[in-house]
Amino acid sequence: MKAQSSNFKLQTSGFALEVQRRSGENVFRCYYCQKCTVGCPIAYAMDYQPAQVLKMIQLGMREPLLKSSAPWLCVGCEACGTRCPNGISLAPVMDTLKYMALEAGYTPPETTVYALHRAFVNSIKIFGRVHETTMLAEYVLRSRDIFSIILSNYGVGITLLLKRKIPILPERVKALGQVKELYRKSKL
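So the sequence shown is residues 4 to 191, counted in our numbering.
Hints are supplied without guarantee of correctness; some may be wrong.
Unchecked claim - Simulated pairs of lysine-lysine, DSSO-like, Cα-Cα distance not exceeding 27 angstroms: (1) 128 x 101; (2) 188 x 101; (3) 58 x 38; (4) 128 x 183; (5) 177 x 188; (6) 188 x 166; (7) 128 x 38; (8) 177 x 70; (9) 188 x 168; (10) 166 x 101; (11) 128 x 58; (12) 183 x 166; (13) 101 x 183.
Note that these hints are calculated values from the structure, not bench results. No experiment lies behind these values; they were computed from the predicted model shown.
Construct all of the structure, not just a fragment, from the sequences and the given hints.
Structure representation (structure tokens):
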């Protein structure tokens, strides 16, 4: 019996190609073994788990992913990349999805996570490194939940300041111009 040839062609989504180009990760290597999901400490809280995110990218499911909370909840711990048999790291993929969502005008569903993200990025932009005191102050202002944040973390913050674990005054890195140039190129 002669095998019939199939005219089946895998359709590559433009969305998947864009995510791959911008993240530098080959999203087409994923064969859905789900080791990334098993190792992810935040997968339980995500609306789409890491392996599902990769599958949705491959299928070109742009809108549901850009509206989802999964990219915003990723902590970038790289547990996914260390477990992946194909070496796919989801942290850069999730970062790419965040920026694509913002560019497309989607409001981050996790507003407090986004507030922390912006405060973190802005701190590095200004000082060349994270300055915890100003970052946390900006986060408190951005999150608009000032009283519960201050009340729930007041003791910890004071303890860290007294033990000199958090510097009061920021230090700038020597190559601040290079950091600012990176931000200019990335349009952040």
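To see whether the hints hold, each was checked on the structure:
A C-alpha spacing of about 18 angstroms is found between residue 128 and residue 101, which places the hinted pair at or below 27 angstroms, so the restraint holds. For the given pair, residue 188 sits about 18 angstroms from residue 101 by alpha-carbon distance, which is consistent with the 27 angstroms threshold. For the suggested pair residue 58 and residue 38, the alpha carbons sit about 13 angstroms apart, so the restraint of at most 27 angstroms is met. At most 27 angstroms may separate the alpha-carbon atoms for a hinted pair to count; residue 128 and residue 183 meet this at roughly 6 angstroms.
Restraint check for residue 177 and residue 188: the C-alpha separation of about 19 angstroms stays at or below 27 angstroms, so the hint holds. Note on residue 188 and residue 166: the hinted pairing is violated, with a Cα-Cα distance of about 38 angstroms set against a maximum of 27 angstroms. A threshold of 27 angstroms between alpha carbons decides the hint, and for residue 128 with residue 38 the separation of about 35 angstroms lies outside it, so the pair is violated. With a CA separation close to 39 angstroms, the supplied pair residue 177 and residue 70 exceeds the 27 angstroms bound.
A distance of roughly 33 angstroms separates the Cα atoms of residue 188 and residue 168; the hinted pair therefore is violated under the 27 angstroms criterion. Proposed proximity of residue 166 and residue 101 is contradicted: the alpha carbons are some 35 angstroms apart, above 27 angstroms. Using a Cα cut-off of 27 angstroms, the hinted pair residue 128 and residue 58 is violated, with the two alpha carbons roughly 34 angstroms apart. With a C-alpha separation of about 31 angstroms, the suggested pair residue 183 and residue 166 falls outside the 27 angstroms cut-off, and the hint is violated.
Between residue 101 and residue 183 the alpha-carbon distance is near 21 angstroms, which keeps this suggested pair within the 27 angstroms criterion.
Comparing the model with each numbered hint stated earlier shows that hints 6, 7, 8, 9, 10, 11, 12 do not hold.
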